Every structure is written in structure tokens, then in C-alpha cells.
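Colleague: Let the sequences and hints guide you as you build the complete structure.
Spelled out from the first residue to the last, the chains are:
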Amino acid sequence: MQLVIEAIISLLLIAGGVFVFIGSLGMAHLRDFYMRLHGPTKATTLGIGCMLIASMVYFWSVEGKPDIQEMLITLFLFITAPVSAHLLAKTGLHLQLPHIDTTEGKPVELRDEEVGDKPVPHPDRGHG
Amino acid sequence: MITPRSWLPTPVLSILLLIVWLLLVRSYAFGQFVLGGTLAIVIPLLTYRFWDARPRIKKPFKLLRYGLRVLGDIVTANFEVAYLISNPWRTLKPHFIEYPLILEERFTITLLASTISLTPGTVSANLRMDGKSLLIHALNVDDEEALIEQIRERYERPLKEIYEC
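These protein sequence lines are chains A and B, in that order.
For the first sequence, our numbering gives the first residue as 1, with consecutive numbering after it.
For the second sequence, our numbering gives the first residue as 129, with consecutive numbering after it.
Rather than coming from a laboratory, the hints here were simulated on the basis of the structure.
Just so it is clear, the structure is predicted and the values come from calculations on it, not from any experiment.
The beta-carbon is built from N, C-alpha and C at its ideal position, and this holds for glycine as well.
One or more hints might be untrue.
[Stated by the list, open to error] Each computed DMTMM-like pair below joins lysine to aspartate or glutamate, with the alpha-carbon atoms no more than 25 Å apart:
| no. | chain 1 | residue 1 | chain 2 | residue 2 |
| --- | --- | --- | --- | --- |
| 1 | A | K106 | B | E277 |
| 2 | A | K90 | B | E273 |
| 3 | B | K260 | B | E272 |
| 4 | A | K106 | B | D270 |
| 5 | A | K106 | B | E289 |
| 6 | B | K221 | A | D32 |
| 7 | A | K90 | B | E289 |
| 8 | B | K187 | B | E233 |
| 9 | A | K90 | B | E232 |
| 10 | A | K106 | B | E226 |
| 11 | B | K260 | A | D67 |
| 12 | A | K90 | B | E226 |
| 13 | A | K90 | B | E272 |
| 14 | A | K106 | B | E272 |
| 15 | A | K106 | B | E273 |
| 16 | B | K221 | A | D101 |
[Unchecked claim] Only part of the chain B face toward chain A is listed, based on derived beta-carbon distances under 7 Å:
| no. | residue |
| --- | --- |
| 17 | L144 |
| 18 | L145 |
| 19 | L191 |
| 20 | A205 |
| 21 | N206 |
| 22 | V209 |
Modeller: Right, here's the structure in full:
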């Protein structure tokens, strides 16, 4: 029984680690800002979820009573991850960050003439 | 905006805050009830101006089913995105998509936008000021129409049923 629990915990930990790693990999090597957003918002959520479940199972087996604190962390993560991703994307659009040429679709937000206010200067490049 | 109603503008939120507080400190001592109770009363009083009135849930069971479906989709989304990222031979076809909304309430639109961000290959990027369309960035799309249709049938219609009609 102990062995089964340990196996489950280690599997979850490894899966979590792999997902978080792939998420960070995506952030490091995808081509443009908007694509990089996808890594941390998704792969990381499940990765951390796996680790938290592992922690929950571990303390359940050690202390003998279930502990739902980890569930709260997961819940907060699910609430905050999309909001921060949305804000980052909005900021990217506002700064008119470039996207790779194969991106299809031309959102109004990235056309100069239709954005109401002048875009704020880019932190590195100024308006140019 | 929620109309101020004496000292307890949002009773459900207050109870939720108290429960979360007790779970976080992992103790059910009397002192924690007092502290959590104070927070549960003070926080809504300070923040109720920022809250939209929450539309009533008309079909709670559908909401439960929706939650489970989203949870399942989050898992598949992770596998999909992990596969897309880690496969070096695949050329991605990123896509900006304008998604015409049929939802009207701000609260439900927020729910939809969060769902889109958490599920396969899409991040909601911008809600237009008029509240009629949502800009979505998708990581890899073959058929734009199909994706819009999928979001419409899978998430937006259930949300509409649960809250609005």
C-alpha cells in the first residue's frame, strides 16, 4: 500500500516537473510575445496542479487526514492565471509588439490608424 | 454595481471569505473565527463598489457540468500545448481571431474569457470597448470558423443558458 502511494506521488511529481519545464521551454523559445504567453498560462497550470496534488496525497498518507489547503492554491491559480495572461496580452497589443509574419488575422488593435490614442513609447525602442 | 445594503453588502462573499480564511489558517479556534469574521465584513465593505451585480445562476447543475467539462479541457489543453511546444518539426500557425460575443453581461463574459485562456491553444487578448467581440490569439489554427464554432457550442451557449436566458 505504502509502495502504491509512493509510486503515485512520484509519478505526479515527475509529470508536474515535465509540464512546468515544457511551459518554461515554450516561454523561452517560441517566436513572438503572443505565442510565448501560451506556455506559462497552460502547461504551468497543470504542472503546478500535479505537484500540489502530490503534496496533498503525501500529507494525507503521513498525517492521516486530508488537507485541502493545496486545493485552495490550485483554485487561486486557476482564477489568477487567465487574468494575468489577459492583462499581458492587452499590454502587448497596446505597445503594438511585433508578431511573426505567419500570424494570420489583422486585429484592429495593431493597426496604427485605428487605435484611438497614440501608443505609449516602447520601453526599449521608443516610438520607432 | 451592487447597491450598498447596510453593513453586509454581499453575504455570500462574506461567508466564502470566512471559510477560505479558516481553511488557510487550518485552525478552528475562536480567535480565528473573530479575525476571519472581521475580515469577511470589512473586505466587502471596502470593495463592493468594484463588484458587478452577479447574475443569478438559473441552472446550477449545468454549471457543475460546465465546471467539470472545463476541468477536463484544461488537462487536454495542457497536453496539446506541451506537444505543440516540444515538437520541433511542427510549424505553428498562430492566428488572431475576432470572436463575436452573444453574451451580454460583463460577469459571464469574464467567465468566458477566463475559460478561453485556460483551454486548448487560445488566449483571450482583448475585450473590445463595446463589449461585442473578443480578440483571441490562438497558437495553432487550421480552420478559423471551426474554432469559433467550437467555442460557441462548447462554452458560450452553456454559459448563456446558465446565466442569461
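Colleague: Taking the hints in turn, state whether each one holds.
Modeller: Okay, the hints, checked on the actual structure:
Our distance criterion of 25 Å between C-alpha atoms is met by A:K106 and B:E277, whose separation comes to about 20 Å. Using a Cα cut-off of 25 Å, the hinted pair A:K90 and B:E273 holds, with the two alpha carbons roughly 23 Å apart. A hinted pair counts as satisfied when its Cα atoms are at most 25 Å apart, and B:K260 with B:E272 qualifies at roughly 18 Å. For the given pair, A:K106 sits about 16 Å from B:D270 by alpha-carbon distance, which is consistent with the 25 Å threshold.
Restraint check: the Cα-Cα separation between A:K106 and B:E289 comes to about 32 Å, which exceeds 25 Å; the hinted pair is violated. Proposed proximity of B:K221 and A:D32 is supported: the alpha carbons are some 12 Å apart, at most 25 Å. In summary, the hint linking A:K90 to B:E289 is not supported, as the alpha carbons are separated by about 29 Å, beyond the 25 Å threshold. Distance hint between B:K187 and B:E233 is fulfilled; the C-alpha atoms sit about 16 Å from each other, no more than 25 Å.
A C-alpha spacing of about 21 Å is found between A:K90 and B:E232, which places the hinted pair at or below 25 Å, so the restraint holds. This hinted pair checks out: A:K106 and B:E226 have alpha carbons roughly 9 Å apart, not beyond 25 Å. Distance restraint check for B:K260 and A:D67: the Cα-Cα separation of roughly 43 Å exceeds the 25 Å cut-off, and the hinted pair is therefore not satisfied. At most 25 Å may separate the alpha-carbon atoms for a hinted pair to count; A:K90 and B:E226 meet this at roughly 14 Å.
In summary, the hint linking A:K90 to B:E272 is supported, as the alpha carbons are separated by about 21 Å, within the 25 Å threshold. A C-alpha spacing of about 13 Å is found between A:K106 and B:E272, which places the hinted pair at or below 25 Å, so the restraint holds. Only pairs whose Cα atoms come within 25 Å are accepted, and A:K106 paired with B:E273 is accepted, the gap being roughly 16 Å. Straight-line distance between C-alpha atoms of B:K221 and A:D101 comes to about 10 Å, which keeps the hinted pair within the 25 Å bound.
Taking 7 Å as the C-beta cut-off, the interface hint given for B:L144 is violated, the closest approach to chain A being about 11 Å. Residue-level restraint check for B:L145 is violated (minimum Cβ-Cβ distance to chain A is 12 Å; threshold 7 Å). Given hint, B:L191 at the interface with chain A, is violated; its Cβ is 15 Å from that chain's nearest Cβ, farther than 7 Å. Interface hint at B:A205: satisfied, since its Cβ lies 5 Å from the closest Cβ of chain A, which is below the 7 Å cut-off.
With a least beta-carbon distance of about 4 Å to chain A, the hint placing B:N206 at the interface is held under the 7 Å criterion. At about 5 Å, the closest approach between the beta carbon of B:V209 and any beta carbon in chain A falls short of 7 Å, and the interface hint on this residue holds.
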